[in-house]
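**Q** Model the placement of chain B on the given structure of chain A, informed by the hints.
Same order as they appear, the protein sequences are chains A and B. According to this note's numbering, the residues represented by the first sequence are 1 to 255, in order. According to this note's numbering, the residues represented by the second sequence are 1 to 161, in order.
Calculated directly from the structure, the hints in this document are not laboratory data. Among the hints, a few may not be true.
What the simulated footprint calls covered on chain B by chain A, stretch by stretch (three residues with Cβ under 8 Å from a Cβ of chain A suffice, anywhere in the stretch; the number is not a length) [stated by the list, open to error]:
hint	stretch
1	11-24
2	29-41
3	44-50
A virtual CB, placed ideally from N, CA and C, is assigned to each residue, including glycine.
Below are the chains, spelled out letter by letter.
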Amino acid sequence: MVLILLGQRLDFMAPLRTQLSLVATPFYWVVDVPSRMVNQFRDSWSSRSDLLADNERLRSESLILNAKLQKYIELRAENVRLRELMNSSERVNDTVVVAEVIAVASDPNRHLLLVDKGSRDGAFVGQPVIDANGLLGQIIEVGVLQSRVLLITDNAHALPVRVSRNGLRAIAEGTGLIDELALTHVAATTDIQVGDLLVSSGLGGRFPSGYPVGEVVEVSIDPGQPFAEVRARPMAKLDRSRNVLLVFSEQKIEE
Amino acid sequence: MESHAQGLWFVVVSILIALLLSISPLSPDLAWARPDWLLLILVYWLLALPERVGVFVCWLCGILLDVLQGVVLGQNAFAFAVVAYIIQVSYQRLRMFSLRKQAAFVFLLELFHILVDQWAQNINGVAQTHWLVFLPALTTGLLWLFVRPIVGWFQRAFAVF
Chain A
1 MVLILLGQRL DFMAPLRTQL SLVATPFYWV VDVPSRMVNQ FRDSWSSRSD LLADNERLRS
61 ESLILNAKLQ KYIELRAENV RLRELMNSSE RVNDTVVVAE VIAVASDPNR HLLLVDKGSR
121 DGAFVGQPVI DANGLLGQII EVGVLQSRVL LITDNAHALP VRVSRNGLRA IAEGTGLIDE
181 LALTHVAATT DIQVGDLLVS SGLGGRFPSG YPVGEVVEVS IDPGQPFAEV RARPMAKLDR
241 SRNVLLVFSE QKIEE
Chain B
1 MESHAQGLWF VVVSILIALL LSISPLSPDL AWARPDWLLL ILVYWLLALP ERVGVFVCWL
61 CGILLDVLQG VVLGQNAFAF AVVAYIIQVS YQRLRMFSLR KQAAFVFLLE LFHILVDQWA
121 QNINGVAQTH WLVFLPALTT GLLWLFVRPI VGWFQRAFAV F
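Looking at chain A on its own, in the form it has when it is part of the complex (with noise of 0.2 Å):
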C-alpha cells in the first residue's frame, strides 16, 4: 500500500490516470443533478416580462459590443501595420473552446476545477483556460472525458508576468486565497503602482502572452526588506465561472 505512495511519484501512473477518472464521471454527473434542476426550474419559471428584459438587455449589450469591434478591427490592422514596420511576428490568433465546469475541489486548501473536456475533445496537460475577464489556470491532468484545472491563485501555481503599462517582468505566485496574487522578487526601486495591470507575458512558453491576469492593489516598501511585497487580484472570476474557455494556440496545433 505504500508502494502506491511510491508509485504516484514516478509518472509511469498518468495514463493509468486517465483511465481511471472515467469512474469518476457518473459520480459528478449525480452531484450536479441538484444544481441543474435548480437551473432548469428557475428557466421554465421565469416570466415572460424577465425573459423580454433580458431580451432586450442582451440585444443592447451585443450593439455596444459590436460597436467595440468595429474600432477593434481597425485596430488589429493597425497593430498588424506597426508590427511589420517593426520586423516583429505577428501573434497568432488563439482559438477557444468552451468548457463547463463541473466541480471544484472538495479540498478547500487546493484551488482545482474539473471541467467537462477531456482528451477527447483534445485537451492537453500545461493547457491555458480563460475565462471572460483573464487568465484562469492550466490544465494539470487530463482524462477522456474531462480535466482537472489548476487555478493561478493555488499555492502550488506561478506564472510570468509583465506589467501593461511599462512592461516590467515579474512572476505571479499563487497565495492560496482566492482573490490575491503575490508578485515575487520585485525590487523596492521597481516602477510599479497599484492599479498596474499585469497581463500573462508568455514566457515559460506556457501561457500565451497578452492575456490579463491581475491588477495590482498593494504595493508596501519595506526599507529593511529587499523586495517590495506586491499584491494583486486576478481579473478571472475564479471562484464564479461557470463556464471557462480551453484556449487553442495555433502554434501547439502544428506541433
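**A** Structure of chain B alone, referenced to chain A:
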C-alpha cells in the same frame, strides 16, 4: 457466522452516498469543516460486519475517493486500509465502548487520516497547509454520535447481516 450475505446492497449504497457527500459542493467556509463521510460509514460497517467489510474493501473505497478527489493516488487508500486494520484487530473491544468513547476514537482515526493526507501531499510538493485542515477531525467525531444510531436503525430496518 452466516454463510450467506443478506442485504449487502445497503452497504454498497451507503458507501456510494458517502462518496457522493464527500465530493458534493459546499460553500468555501463550510468546506473546511466537511466531515469525512466515507470514514464514518466504513468505521460503522467495520464494527457492525467485520467479516464482510475488511481491509481490502476499505482500500478499494479509498482508491475510489482518491480518483474522485484527484489527489495523490493511494493516500486515502493507505489511510483507510490502516484504519480498517486497527478496527479489525480490536472491534470486539470497540463494540463495548460507549457512544461517546467511540466518537473520541473516530476523532483519533480521522486525525490519523488527515495526517496521512497532509504527509502524502507534502511529499508531492503542496507545501502550505493551514491549521484548519484538522477541523474535519472534530466534525467527524461529533457526527459519529448521529451516524451510528441512524445507520444502525437502517441496518435493522433493511435486515443487513
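**Q** Now look at each hint and say whether the structure bears it out.
**A** Evaluation of the provided hints:
1. Beta-carbon proximity to chain A at under 8 Å applies to 5 residues in the stretch 11-24 of chain B; the threshold of 3 is reached and the given coverage holds.
2. As drawn, the stretch 29-41 of chain B meets chain A at 3 residues by the rule of a beta-carbon pair under 8 Å; at three or more, the given contact holds.
3. Counting residues of the stretch 44-50 of chain B whose CB lies closer than 8 Å to any CB of chain A gives 0, which falls below the minimum of 3, so the coverage claim is violated.
Hint 3 from the earlier list is the only one contradicted by this structure; the remaining hints agree with it.
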